[in-house]
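**Student:** Each chain, written out:
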Amino acid sequence: MKRVYVNEKWCLGCHLCEYYCAFGESNKKDMARALKDIKINPKIWIEEKDGVSFAVSCRHCKEPLCVKSCITGALTIKDGVVTINKDKCISCYTCILICPYGAVSPSEDGAVQKCELCVKTTWGTPACVEGCPNGAIVFEERG
Amino acid sequence: MRYVIIGNSAAGIGAVEGIRQVDNQVEVTVISSEPYHTYSRPAISYLLMGRTTEEKMKYRDDDFYDKMRCKILCGKTVTEVRPAAKQVVLDEGSVISYDKLLVATGSEPFVPSFDGLDMVSQKFTFMSLDDARKLGAALRKDKQVLIVGAGLIGLKCAEGILDKVRSVTVLDLAPRILSSILVEDGAQLVQCHLESKGIDFRLSTGVKYFDSNRAMLVNGEMVGFDLLVLATGVRPNTALLASIVDIDKGIVINKKSETSAKDIYAAGDCTQTLDISSGENRIMPLLPGAYMQGECAGVNMADGNMSFDKAIPMNAIGFFGKHIITAGNYSGEVYTENVKDRYKRLFYSDNKLNGYILIGNVEKAGIYTSLIRERTPLDSIDFSLICEKPGLMAFTKEERNQKLGSVSL
Amino acid sequence: MKEGQIRIPSGCAISGLIDKSGKRMSGEAVLRSISVMHDRSNGLGGGFAAYGIYPEYKDFYALHIFYDNSASKKSCEEFLEQHFDIINLSKIPTRKIKVITEEPLIWRYFVTPLPTKLGGSQLDEREFVAKCVFRVNTRIDGAYIFSSGKNMGVFKAVGYPEDIGRFYRLEEYEGYCFTAHGRYPTNTPGWWGGAHPFALLDYSVVHNGEISSYDANRRTIEMYGYKCTLQTDTEVITYIVDYLHRKKGLTFSETAAVIAAPFWQTIERMTPEKRETHEYLRNVFSAQLFTGPFSILVGFEGGLMALNDRLKLRSMVVGEKGDLVYIASEEAAIRIIEPNLSRVWSPMGGEPVIVRLNGDEV
Amino acid sequence: MAVNFLYPDYEVSRNDDRCIACRVCERQCANEVHEFLADTNKMVSDDAKCVNCHRCVALCPTRALKIVKNNNTYKENANWSAKTMNELYRQASSGGVLLSSMGNPENYPVYFDKILLNASQVTNPSIDPLREPMETRVFLGAKPQNIERDEAGRIVNNLPPHLTLSMPMMFSAMSYGSISYNAHESLARAAEELGILYNTGEGGLHEDFYCYGKNTIVQVASGRFGVHPDYLNSGAAIEIKIGQGAKPGIGGHLPGEKIVGDISRTRMIPEGSDAISPAPHHDIYSIEDLRQLVFSLKEATNYQKPIIVKIAAVHNVAAIASGIARSGADIIAIDGFRGGTGAAPTRIRDHVGVPIELALAGVDKRLRDEGIRDNVSIVAGGSIRSSADIVKAIALGADCVYIATAALIALGCHLCRSCHTGKCNWGIATQVPDLVKRLNPEIGYKRLVNLLTAWQHEIKEMIGGMGINSIESLKGNRLMLRGVGLSEKELEILGIKYAGE
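Protein chains in written order, with this note's numbering: chain A, 1 to 143; chain B, 1001 to 1409; chain C, 2001 to 2362; chain D, 3001 to 3501.
Some hints could be false.
[As the list claims (entries may be wrong)] Here are some chain D residues the structure puts well away from chain C; computed CB gaps all over 10 angstroms:
hint, residue
1, Val3138
2, His3281
3, Leu3358
4, His3420
[Claimed, not checked] Heads up, simulated SDA-like pairs for lysine to any residue below, C-alpha to C-alpha not over 20 angstroms straight-line:
hint, chain 1, residue 1, chain 2, residue 2
5, A, Lys2, A, Lys120
6, C, Lys2248, D, Ile3147
7, D, Lys3423, A, Lys120
8, D, Lys3143, D, Arg3131
9, A, Lys9, D, Ile3147
Derived by calculation from the structure, the hints in this document are not laboratory data.
Here a beta-carbon is modelled for each residue, glycine too, at the ideal position from N, C-alpha and C.
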């Protein structure tokens, strides 16, 4: 299955992935309109320190601890994509407790949020991948 | 071949899914004493609060049993296991034979014997959907509620009903709330938060006796109530396997979820598990662990090979928007951080993280959890960095590339 | 305007036949063949090459020369006398044909290089003769040697080829091989020397097509001492064939592998040994590759080679009957002289058909 | 001091309605043009620092940025342009030689743009490259004088060492040091995938790139940086660099601060020491010296590698080329005066040399006139901008072209001509690790492959239209060219006719 992979060697720390993620989620046509004067809360974010930077987002584990741990069944795997059903989520944060990548985060709407590979948006290729100017985030099949 | 699973909650469901990972053919029967589709027990407080509905709190979709091609017997209680004959007997007398059996009977509320308790007319426990329905039906704006037990169940119950009643008083023998998961200052922090929302506490004191609508406390105080909720703890349902398998605090199982008896597996709250953060065998009535144990049992029943050996106590809980995440045990040296909304304690010794408590800011807590679960040597990471801020940056470049790029460089 | 002042692309008809037994036949057959393709020419040029026609002078170079006037004849003959022993000279016999006009003086000389001159030049005999031909054609105004081989001759003029054949009394010649050309130039020059075949020594070329690589080929061959005075494809083809075959010692099939080289994709499928040879030829003689459409007949002493460009962008058909091999732009031009062919085929692009007199080594 | 003041040439124009203050411009500008003001939640910029490299413009996700030419105006006249005046102010304040990068920007004629190509109509079919094979393979090197045969009469392969290219293009010399590791890797990988060659330039060959040897030309320049036997033997050919189109007659100078780590090791000079390439090779003061170096290099490589001699196109280029063609060299590379550079004195770049088109035509003609064109192949460089330029160069007589500026543009270069600052925001002409990583070779090499593949397609289209199906038949085929807007003399030098003739 195609997943998002990150290679810190090429990450520039430009943070565009975060903005493209937020834009992708907005379902608006124009990024300026979507993100103007908004504090974004993306599902991918850059960790950076001393010239090293890389993006972190859900790994879509084959054996996802978050899905196994979800107390309401809100997190499931659909066609390999770890997906959140926000209706069922009660924000207990057990997923945040268990995800070893720190890839699940709180959101404003009362449910947790996580990367769902843009399957619910109009992007096709995940927005962060499209927006990465240096091929540091790729969407591909790996062993 | 027929596999029989007693229990329809996290461990039982985990087992069904575990079996189906390996074997699509074998017959699977789930027996549940409750008459419901599988549901999330921890969600019952949210149900009372109105944050979820009975429909949404279903643990799996409606077509789950069909999809898993598994037979579900609801509202039937197993009264006897006959290991020699490989049969279970149901309460209505019928007998079901099995090739492999999973006991996932969970736990039940433990209620100490209080004088006068039987005279209390409106008393409740808070574990099952039935409990929640009963309590929910009794809630009125003019009712005073007394909750005995300031643990996870008692406080979630308190949060769930606070808006629907006149007052909520929580009582505990321990000097602090959530004594099993918080240390003193953290408990104080949370208690203040709960008090600010209107919950009353009586700590370091117990019930001497009940007198109809009043509780006489050990400290001499008399507390009146209309509804009494008993949240004094749970204990594993092990009776079914008594004298069949080894039982200690709970049913004894190995890391493959096997009991001491052939072809009998057990998982979930009815078992005792090795807590790798402390090295002790404990009862850990926690949903994630139950699921994983159940899944492990299912895979192994179906002749797959799985081990579950990373159990640690861990809790994610929140009250009125304040989130608490804790894991492991609280021994060793302590890293402390106390700023504004961020309460953080990391406990470590012998180059390992033993446990942690986060209150308020719980972002990326799972990275700490993984350090405990994986027993990561702290000198292999940038521990001072990770103390400050959980993140993958603290790992080596190779580790990061492995984690984020699935590549070993 | 005449050839050499401007480059003139032309479409054409070609025809040729050879008797492998070496038996001589009259020029009548090739004349009939080329006549069939009347519509492929437009009356602006035509001609014939005939091999084996001068058995009595077979050891002498037969120079066919156009003169504009007697003054040019005089200066040319002076030059010839200085360099050659002239065994025989005569006007080439013609008959009056109404449509053949503005004929120059047409003379024929059988010559052999003067031993002293040849020795002094340090050239081999054929190179000496070729050099003399270039000298006359570039230096002596109004004189043009259009045929210079042994035991062969070129006959050409402005007009339709069938008229030209009768003009030159072609039916009176007997040879083992003939080629013919009818020209359709896309301009209106009218110089006899510019008609085809084009010949140097015993190499003669008739050509139908237009090679797009012309200037690359021309600039290359000029570097080797040739002068392309006519700016025609036929001229450059003849020189390159002469260069590759006579000067570089390539065989005719190797020559074909240079000028109509197999595509790389074909070469890559060959056996390693063959591949190496072809890679070598394409590397060393890359500038001698002809691209663009052509079908050519290369006449030479003892044989005939037919070759199409590698994409076969021009028609060319070969027919066989006994010892006779016929090649023409159109099958009809073969059928008219031999209706009962034992075999007829269209050679693939770049695949040479090389016919030699029996007994001649390939 | 007021008299030193120079108004910025460019202005950063930010559309505040579109700016979302994502700060990518700030993070990506090595010149620190952009700044985020937290108190107003707004971005501001300092035009004076902007070199107009377009990094921020290209990365701005909302298209909020553009760079515009400043319209601050002097009282200019035809003689005293603003550029001239600014240069004068700068020199008056610094007392130094002006430095510039990339190719000659001045308004000299671009002859490629005054030459038109032919196509077939009626008399000769044009050839469709989608239907028919269309060959672009070329060989570079000397041709053997004679055909040799063995006893069986088979032709003996007596070819001198030569290069085989899938298409008539190579990447010209850009040293490791003047451009980044990642730029080199992009070039090397692209060359390998395309079946062509790239050129190390004079900075030696990084050990990581020895694996691309069969697609590598190793250069020997006047500084002899990084030259050792393994180096010479690692490539497919050796190039002796005599001169460079951007700065004929001038040596090179890579400042000590760029001689760090790998670069110092690769160049075999101490860290921090300036890398100075003398203007001439101090062992070549005449043509016979060149011959000695050619044969020294042949000796060193056991006569297995063709030797390229690269010269800048200068006035006497034809005669020089003739000398080189007789020196034992196998290939002559001629670099026209529009060729790029990482740094050159402005006056030299803008005023020395001749256009490649004229130099090429002159050299090809001279070598043919002297009958020595087969001794050498000719590689033409110095601002080959498109496939049309390539077709024209080959028809003028080149065997192949050298591409550099176009390749850099493919890699992201926006021709800001600030290479000499070492702060290339596109990760090309820099050694700053944070900047170098901006050029991901995985992306870079694909873009180079794309560019040259596209050009190859276009070349096939163009020559197919001429009725030619092999690039060999285009070489020197000047009948396929016609001039427009050229004088008789120019036509004569180019050896082409006027359009309509």
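**Student:** Could you work out which of the previously given hints the structure breaks and list their numbers from low to high?
**Tutor:** 1, 7, 8 and 9
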